[in-house]
Each structure stands twice: as structure tokens, then as C-alpha cells.
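Visitor: Using the sequences and the hints, build the whole thing.
Taking my numbering, the leading residue of the sequence shown gets 538, the next gets one more, and so forth.
Among the hints, a few may not be true.
Now the in silico label distances, taken between C-beta atoms and shown as ranges [as the list claims (entries may be wrong)]:
hint : residue 1 : residue 2 : range
1    : Leu565    : Glu588    : 26 to 32 Å
2    : Thr553    : Trp573    : 25 to 31 Å
3    : Val594    : Leu551    : 26 to 32 Å
4    : Ser550    : Asn596    : 56 to 62 Å
5    : Glu590    : Ala559    : 42 to 48 Å
6    : Ser550    : Trp573    : 47 to 53 Å
Please keep in mind that the hints were generated in silico from the structure rather than gathered at the bench. Beta carbons: idealized from backbone N, C-alpha and C, even for Gly.
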Amino acid sequence: MLRVHRDERGAVSLETILIVAAIALPILIFILKIGWPKIRDYFNTGMQDLENEGKNVTNGSSSSST
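Guide: Right under this line is the structure:
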């Protein structure tokens, strides 16, 4: 049993994973709570603009001057 407890080969990897998780988890929670509505609105606006321009092209009018 002592031989098992002296073997610390995976300890560094486990400690590194725990440290990364301790840093990443609060960042992920912050992004989901604060940033997600802004990101969602940004993409929804982009999709609406894309749909409107697609309708303009099919109707024969375009708002761009190219």
C-alpha cells in the first residue's frame, strides 16, 4: 500500500487541470451571465440584416452602392 501512495506521477497533471478549471469556470460563468445576451443580440442583428439584404436582392433593389 505504501508503494501506491509514493507514486505521484499523475499529481502534476491533476493539479494543472484543477488550476485551469478554477480559472476558466468563473470566466465561463461571467460570459454566460453578462456577455451572452450581448453576443446573442449581435448575431440576431447580423442575421436580420442578412435576411433583409437577401430579400432586397430577390426583389431587385439593393441598398449598397457597389
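Visitor: Each of the hints needs a verdict: does it hold here or not?
Guide: Hints, verified against the model:
1. Checked against the given bound of 26 to 32 Å, the beta carbons of leucine 565 and glutamate 588, roughly 31 Å apart, stay inside it.
2. Look at threonine 553 against tryptophan 573: about 28 Å separates their beta carbons, and that is inside 25 to 31 Å.
3. The supplied range of 26 to 32 Å is broken by valine 594 and leucine 551, whose beta-carbon atoms lie about 56 Å from each other.
4. Restraint check, serine 550 to asparagine 596: a C-beta distance of roughly 60 Å satisfies the suggested window 56 to 62 Å.
5. The hinted window of 42 to 48 Å between glutamate 590 and alanine 559 holds, with their beta carbons roughly 45 Å apart.
6. Evaluation of the 47 to 53 Å hint for serine 550 and tryptophan 573 yields a failure: the beta carbon distance comes to about 31 Å.
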